Each structure stands twice: as structure tokens, then as C-alpha cells.
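Keeping the supplied structure of chain A fixed, place chain B upon it in accordance with the hints.
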Amino acid sequence: MAKIGVFICHCGENIAAKVDCTKLAAAMGEHPGVEVSVEYKYFCSDPGQESVKKAIRENNLTGIVIAACSPRMHEATFRKACAEAGLNPYLCEIANIREQCSWVHTDGDMATAKAADIVRSMVEKVKRNNILQPIEVPVTRRALVIGGGIAGLQAALDIANAGQEVVLVEREPSLGGHMAQLSETFPTLDCSQCIMTPRMVETAQHPNIRLLTYAEIESVDGYIGNFKVRVRMKARYVDMNACTGCGDCITKCPVKKISSEFDCGLGKRTAIYTPFAQSVPNMPVIDKASCIYFKNGKCKTCQKSCELNAINFEMQDEFIDLEIGAIVVATGFQVQNTALYGEYGYGKFPDVITGLQFERLASASGPTAGRILRPSDGKEPENVVFIQCAGSRDPSKGVRYCSKICCMYTAKHAMLYAHKVHDGKTHIFYMDIRAAGKGYDEFTRRAIEEDEASYVRGRVSKLWQENGKLMVRGVDTLLGKPVTVAADMVVLATAMVPQPNAKEFAKTIGIAYDEYGFYNEAHLKLRPVESSTAGVFLAGACQSPKDIPDSVAQASATASKVLALFSKEKLEREPVIAVNNEATCAGCWGCVLACPYNAIEKKDIRDRSGKLVKQVAYVNPGLCQGCGTCVSFCRSNSLDLAGFTEKQIFAEVMGL
Amino acid sequence: MITQEKYRTTVKELLANGSIKMAIGYRPGSTSDRRRPLFIRTSEEADQLVLDSTCITNLSGYLVTEGLLSDEKRVGIFLRPEGIRSINILAAEYQLNVDQIIIFGFDFTGREVRALQGQTTGDFSALLSEIRENPPLATKEPLLERIEKMNAKERFDFWQQEFSRCIKCYACRQACPMCYCRRCIVDSNQPQWVNTSSHTLGNFEWNVVRAFHLSGRCVQCGNCDRACPVNIPLRLINQRMAKEVVDGFDHFAGLSPTQEPVLASFKKDDTETFIL
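These protein sequences, in sequence, are chains A and B.
Mapping of the first sequence onto the numbering used here: position 477 corresponds to residue 477, and the numbering continues sequentially without gaps.
Here the numbering used here = 1-based position in the second sequence + 656.
For reference, chain B alone in the conformation it holds in the complex:
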């Protein structure tokens, strides 16, 4: 509660002195454990701000709303560490300018909410490096451990089972801060690479494409997983992909706004000869 009150005051101050034109935070949702995004432009709106352990959605995707940052004014946003990583990746992919973003960092242990020190992404670099070394999510996912133990056939059957439920609503895409393309590849129909109908093949295609497009970019915020109306454990795919990228390329996504995207960059001294 103290953190929430403190941040309400900070947001009001920054709005009043013109440091930010808007703050993006959370407000009560339809039930006590759900939160909605809140776009604070006035002091009154700031009073609606809620900050507690149910504020788990990664809000960074709202920053790339077309036109929001084009006036070069600053925007404040409430972010947990993985959200800060998202900001770094979006900056590295030139979707936003970090100088325009004021971060209200927070995290929680159990139900205890605490503020994170700092305002710009650079202020959190030590924290992010720490997370790289000791990932809090590293995490006992009992399901992931179960899948790791399966053989290829069992694993394929498992995912086939899961994807058979997919209804191609693309809520995962909508919720993901990294899915900012103006036109997604699945919507491209000349040619139609990904089958649109929701049968298992098309579902597989979509989810595999998504996994690859997020490799080296996903911060495991879990937005997709929570958005999925048929409860496909999407976070597991991305978690596994992130691990592959760390193991294979020593690349932990979102450490800094200047980190080069792993699949787009190459080194001239690469020992492989496929690039001149």
C-alpha cells in the first residue's frame, strides 16, 4: 500500500510539472484478482492507480501503440523486471526511444510489493544482469520438467494434443509486447504460408512460427500464456527457446537498449563460413 501511495504521488508530480504526458499503470478489473491497464493523464486518474501482487501483466506493449511516442514527449510506465527487458528489446529494435520512457519499477515477493530504484533502463542494468545469473523463474515448472523427460514422439503427441485446442484467435499475438508488426506473416496471403483454418497442421505452423519469431526476444512475461482462452501452456515453448538462445549464442534478451538482436547480427570473425 505504501508503495502504491508513493507512486500515485510521484505520477501526479511528474504530470503536474510536465515531465511526462501520460503514465501507464493498473486499475481494478472485473474481479478482485484481475487488473486492467490504466492510462493516467490527470491527477484524478492517478488516484485510480492500483499496485499490488495481482499486477502481473507486462504493459510495455502499449508503448508501441501507433502515434503514442511520435510527439517525442515522455511517457511513464509501471514495469516489473521482465517489462524493463521488453523495453530494452523494443529499443534495440527501434520501436521506441528509451529517453522517452520513465520507468516506475516494481516487483513483489508473495503479496509484498516493493519499488525498484531507478527511472531509465540504464538504472536497472545491474538488476537485469543479476536476473541473468539467478533467474527467479528458473524455476520449477513441473510440466516443463515432464516434457523434457519425454522422447520426441511423446513430445510431439503432447503438443499436438495442446494445439488441437487452438482456435486461432491470435490473443497470444495481441498480448505479446514483441508482436508489433503492422502486418503479421499469418495475415499475408500471397502466398498463404500459414494455414488460416484451425486444424492441427495450421495450428502447428502458427505456433512454431511464433516460437521462432520470439526466439532471442521473449522475456517470459507470460502475457501470451494468460491471454490464451484455451489454456495452451505457451510460456513453456518460449522458455525453452530462450534457453536454446542462451546456450547456443550466449544471448540473454533485453539486457540493454543497444544489444543487437541475436538472429539479425553476425560477427565477421564467426568461425562458420556461411557468411563472407
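One chain only, chain A, in its complex shape:
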């Protein structure tokens, strides 16, 4: 015989102002099977929870309904209270009479009637609830960090320094990511490479970190604590065990005019190359598409020059299978292709460059060894125009979001230019100056006041070449006048966009992404570093545009999440999973195909002599995410979802 307790929460005024809780409690007390029906101002408070526990113990309740806010708020709270009172936590249900009732209705009587319907339907459900036990799954204590930029390095080092194993996968030949390309960093102007390269070396030498560069994730299967990851090691054509990184092959390579990706096309590299001088690992790869030997079968100059016989043209891609407990995705960003703005002339005029290209010009390790020289003729520009929001905050042609870092790096560029070209002039066209952050506003003020950056509030409409100058026509909205500036070089603050393959990659790992391809967090405010998939965490600019301090902070946050996960031997998971009725299963395997998590296997049913009687579906409790796709597919109705059985849902509907 059911003995259900109904606890109606006022939520202060939130519910009680619209719903007549006294009337509701009285009505529910009359409902068959309800043993206790009471109201209270805040059931989530300590005395509130105590009163629930007391009622459970004193009345030997077989189930409870908390009529209050959304289960997202306090389901866990009340389940825990239930468990403390000796009642299985899955015999507790939440009737949401706040978000779905009092908050959205104006008429008190009707809201009260609706609240009664909602509570009654949950009472009918909880009468049919079953005792469920959390599922325990083992945890593989090894983390996978995808991406070797600053976010990936930080996450890997934090996890490794806490004594756990890490596999770091980077698709480029070297660690470093975008941060390695930068010159000095805001707001302190310390040299990016000087703070970055020690981290790279530390990562490579760390006993707990296994470094896989020039490698890509091929597939990810499994679930939190038990991922199976396949990594493709792209053929380097250089034996990493033999190579010492002497660089003889690079000097000898006859193909010298390949546009360097690392220098954003401003420098050249060879066909056998390391992306930059401080690469980690400092071992070259052969760019198959540019190599003469791969094109016409002759050359092998590098092989002849190598005294250690490290070069092997026969090398093939290899696969490594890894068992992984948690994944940190730190795949970073790209800069938008600014060529889509015809009016700025990017791609047409060589002296219109992107912010990232300016970083390479200003960097001591860059193609000009840190001198600001314009790409067309190598002269020092006397007048530089910076155009902010060249792609960001532009719903019509670019992206709608604010790219976040551009205000700061443009101010920095103006400063670096002023420090290097003492009588140079800068004009910065801007929409707003967004300098929120520690020391950020002071930094932009310094650019304006000490380094004489001239900020012009307005947009640029047109850019053309005249007498060897780049004419920039814009508007100064503060003066209400058009302005034309004759510049020697123009720098576009291009937007940060997701990696071009971000969406496909998200599908490989099984995480959600937004309309742009940035990865979605589980909750923007309360779970900002967890992805929608348990055990997969997000760090850095793959989630949204971020600067270095934010990326590093988020990376450390993911490390703490991973370490918390690794602190237990076994994981507890919600037992809301599909369950198969083996007696009625017809073995059509439609569910096997339909399951997006590969959680359903074929199980042999044998008689006592071991003879195979039939095969039926078996839901692996560790893999099942409880999405219910199989349940809705199953024609014979053999599959059901624990905690949300058809019987329970049906009762819920009939209770209305």
C-alpha cells in the first residue's frame, strides 16, 4: 500500500503569492495513497529538510513528492535528504509548481488548480517508482589533453604535477599553438616566447606526460572514466628516436620558398622543416605536398645530409589506441579570413595585414627579427592605421559576437609600434574600447596617453591606394565628420573564429557546439568548463574567444575537474538507463543501430546444456546515457527507461 508524502513549498513568495498552498495541501491530503500533505515556507532550508526526513521516518513513507521549484535546482538536495531518512532516493519526485506554474500565471485560482494537477500526476508516478541503485563504473586514471597551445599545456602540466598520467596530442609538428606566434603580451608586455617555451620544455620532459605531436584524434568511443581513443600519428618521415634536431637537413633542403604557416605567410620555410626555431620537439617533419622526392621521385638531399640516417621516406601513418578516463579539449581557434571584407583590401594590398601577422612582424623570432617593416617593400611604415572589429560584432558579414581580445591587442600593437618606430603615427578606428580585466583599462589609457595612439571612434568604409599610400576613409562619429588618413600600413583586428573543422571534430568526440562551432559548456554560469558529455572538459578558445589569462585559468579549472574525477576508484552514475525485457525482445537489433552511444550489445541466451536459444539486446549500463532513443524505436516495447518507465509516464499522464 502506497504511503506518499506531499511537501508543498512556498518558496517564500515565489509560489505562495499565486498558488494557495493551504488549499493545495488540503486537496492533496484527500488524494488516494497520500499519507502526509504539508506546506512550509522553504523546504530546501535545513529545518525544511529535517521536517521531510522526520515525516518519512515517522510515517514509514514509501515515496515523496516535493512540490517546489525545478528539479534542476533541488532534486539532488531532496534525494540526499531521502537517503538520509532511509528511503531510496529514486522514490523522491519533484513537482515543479514554480517555473511551470506560479511564475507563469496571473490568475491565482487557476494557478492553484494547475498546481494540484501537477502534484497529483507526480503522486501517481511516484506510486509506481522502483528502487534504483546508482551505477558504479571504474575510472581509468589517465587524461587526454587535445591541443598543445597554452590552454592544453597548462591543463596537462597541472594534471601531471598532481601525479596523474597525461597524454597530450598536438596536430602540428610542435607544441606552442597561437601563443608561440605572439610577440609581447598584454597587459604586462612580457615576451610571449619567454614565458611559453619553458612551459613547452617542461611538458616534453615531464615524466607523467606522454607527448604525441603531429598526431590527430581518429575516434573516441566509450564514456566517462572509460574512453577508448584512437590517435593517428601522421608520418613525419623523420625517425624521432634517431634525430637530434641538428638542422642539417633543413639547411640543405632545396625547396626554400614555401610560405610559412607559423609566420602567417610573411616568411618562408623549407619542405623539411620545424615550424619555428624553438619548436618542441625540435625535430623536423617533411611536408609531403612540397617535397621534391614525393613529387617526382628524385632528390633525397635531406637523407644524404643526415649523418644519423633519421630520414625515412617509407614511413606510414600509425595508429595508437589509448585507454583514457577524462578528456580536456583545448583545440583553440583560427583567425577569420578577412578577405571577405573587400573594402579593406586584404589580400589585394600587401600592406594590409591581420593582427596575427603584425605579431609576427613585432616578434623577435619573426621574419623581420622584430623590426616593423611593411611586407611590400620592407620599408619602415611612418603611419599605421589599425581597424578594430574587422569581422567581429558584424551580423551582416562577419560574426555577431565580440572577439574579446582585439581591443587589447590593438592597443598593444600601437604601443609596440611606438616603442620601435619613435616618430611613427598611429590611428585606431574603433567602435568601443572594451578593456575589462585586471590592468586592462590602465593599459589602453597608457597607449593613448604615453604612446600617443590616436583613437578615432568610427568605422572605415573604404581603402584604396594612391601615390604609394594606403588611403583609409572612415568617419569620426564624435566629430561627426568623415576622415581620410594616408597610411603606410593597415592592420586589421580580425575576429577569432572556431577551427575550420570544429564541428566535425565535436562529432568525433561527441560534444555539443553552438551556431559558430564554439563548444558548448554544460551550464554557462555554474558548469563553465564541463562539456555536455560527462568526462569531457573544455579549456581555452575552443569554447569562446579568450585571452591568455582566461585560457590558463580555465585550463587549470579543467585540471581540477579531472583530478576530482580521478580521486575516486569508481564513479557513481545515475541509474536512469534503458533496460531490456529479454523475454519479449525479438532480436531485430534496430536498437543497436539507433543507439547514438553504442551502448547496446547482443547477448546470447542459452539453455542449461549451453545450447544457444536466442540472442537479445543487452544495454551496457556504463555506456547508456538514458536518452531513450532505443525505447521509442523498439516495436515490441521490450526496452524501457529505468526511472521513467512507460508505466510511470502513463500513470503521470493519467493523473492529470
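A few of these clues could be false.
[What the hints assert, rightly or not] Partial pick of chain A residues on the chain B-facing surface, computed with a CB cut under 10 Å:
1) Cys-585
2) Cys-588
3) Gly-590
4) Val-592
5) Pro-596
6) Val-613
7) Lys-614
8) Tyr-618
9) Asn-620
[What the hints assert, rightly or not] Here are some of the chain A residues that sit facing chain B, going by a computed Cβ distance under 8 Å:
10) Thr-584
11) Ala-586
12) Gly-587
13) Ala-594
14) Phe-633
15) Lys-647
If you are wondering where the hints come from, they were derived from the structure by calculation, not from laboratory data.
Model, not experiment: these values are computed from the prediction.
By construction, the Cβ of each residue, glycine as well, lies at the ideal position given by its N, Cα and C atoms.
Coordinates of chain B only, in the frame set by chain A:
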């Protein structure tokens, strides 16, 4: 007649040399235009085999009789093209292994019976593709054309009228080769999704559930239609459903034994975002 004699001989030979343990065919029924299934295990039984233009029942459903194929021996069966498609679907849904099935294919034009070349489902794939392109049934169903022209209300009234005759005997389910579940959803009573009594609502529920369970699986063999004791034109619903599946998913059921069931499969590059 020649085809019938030829097949009698073939069946006898295959039984004699142990290639098959049984052949499923047709024998005379209670009237001259009716046929019964015949399960041939011996040479004598083979002499009862009849093959003419009244052999229209799709026999493939008998193959999934529990235990028939579990000894892994082979079984021969007389099938028209839609029956061969049924075999493919049953194989795709793991109800049988095509290697165990020897097909005696036949078809007829008017009263003329002819044998189809081939023994395994693969031998008929060209024929099935041809049927996909030029469906012989595509067919002038005057009633279907009439229903297509109705508006929603008229159509609803039409079916309400038809289903009001349904007596929930489930003969349609019994006759259908695709209804192989050990327990049908209508027999599930915790909860009772489909009302058991034969009033219009319950009848509607049953027939709509059946139509959806057969979408992407029905080959329009017409077994249900012929089995219905109150003559509800069930084939029309399934025909329409099959057309929807071809139009919407480019899926013609039963082309090969490895064809993935349309409602159970999904592609990772699907443009819809409802699946991760």
C-alpha cells in the same frame, strides 16, 4: 505447368541430395482459386506442389517460425519478387540468415507462370532494382487515387468508416511476414497503450501503430489485405507509407540483406542536429 513440373523435380533433387531439409510452397486449397501452404519434406509431398497464378500469398513469414532455422540447415521457399524483398528485410533485421534460404523464384503475367533465375537473394538484386525503378504495382489503384483527392476531413471520415468494421482479430498481424515479435505492443498491458476493445478509437490506434511499425519495411505483398475478414483496404495505408519513406528517406525496403532499417539508422553527417 512446365514451370510447376520443373520445380517439383528440382525440389525432389535438392531434398534427395540433402541440400535442403524442407521446401515451403503451395498446395490446393478449399476452392480452385485458393492455395494452402505446403511444407515439403519428402519426395511424395513434392508431388502435391502447385504453382500457378493463384499462388499469391507471401510465404516468407513461415521462415521465422521459432526453431525452424536454428539447426542451420537450409530451407527452400517459393517466392515472388516481393517475397524476396521480405527475405532481405528479415535478414537485415537478423531474423534469418540468407545463406540458409534457397529461393525458388517465380512470377506470373496473367495466368502465365514463369520461373525467376537465381537461388540466393543476391541473384535477384538486379531484378529488385528494376522493380524499384518501375514498380509493377505503381499501379492504378482507383481507390487510392480517390483517397488522395480527399481533403483531411473526408479522408479521416473514410478511414473511420473503414476501421469501424475492424473486429481486432489481428489476422493482418498474423499474416504479415514482418510481424515476428514474440509479444506485440498491443498485447502489452502495463501500460495498455492500445485499447483492446474494438471501438473506433482502439481500432484507429491499432491500425496507426501497425502502419508506423511497417513503414520502411512493408513490401506490399498484400497478405494483410487478403487476410482481413471485414475487407479493410489495409494495403493502401502501407502503400502510402512506403511512398513516404521512398520520398523522404530514399529508402526502398528489401533491396539487399544488408540494407539498414530506415527508422533505426542515422548518419553522423545528418544535417539535422537532433543527434549528436
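Going through the hints against the structure:
{"no.": "1", "hint": "Cys-585", "in the structure": "8 Å, holds"}
{"no.": "2", "hint": "Cys-588", "in the structure": "4 Å, holds"}
{"no.": "3", "hint": "Gly-590", "in the structure": "4 Å, holds"}
{"no.": "4", "hint": "Val-592", "in the structure": "8 Å, holds"}
{"no.": "5", "hint": "Pro-596", "in the structure": "5 Å, holds"}
{"no.": "6", "hint": "Val-613", "in the structure": "8 Å, holds"}
{"no.": "7", "hint": "Lys-614", "in the structure": "9 Å, holds"}
{"no.": "8", "hint": "Tyr-618", "in the structure": "14 Å, violated"}
{"no.": "9", "hint": "Asn-620", "in the structure": "18 Å, violated"}
{"no.": "10", "hint": "Thr-584", "in the structure": "4 Å, holds"}
{"no.": "11", "hint": "Ala-586", "in the structure": "5 Å, holds"}
{"no.": "12", "hint": "Gly-587", "in the structure": "6 Å, holds"}
{"no.": "13", "hint": "Ala-594", "in the structure": "5 Å, holds"}
{"no.": "14", "hint": "Phe-633", "in the structure": "6 Å, holds"}
{"no.": "15", "hint": "Lys-647", "in the structure": "5 Å, holds"}
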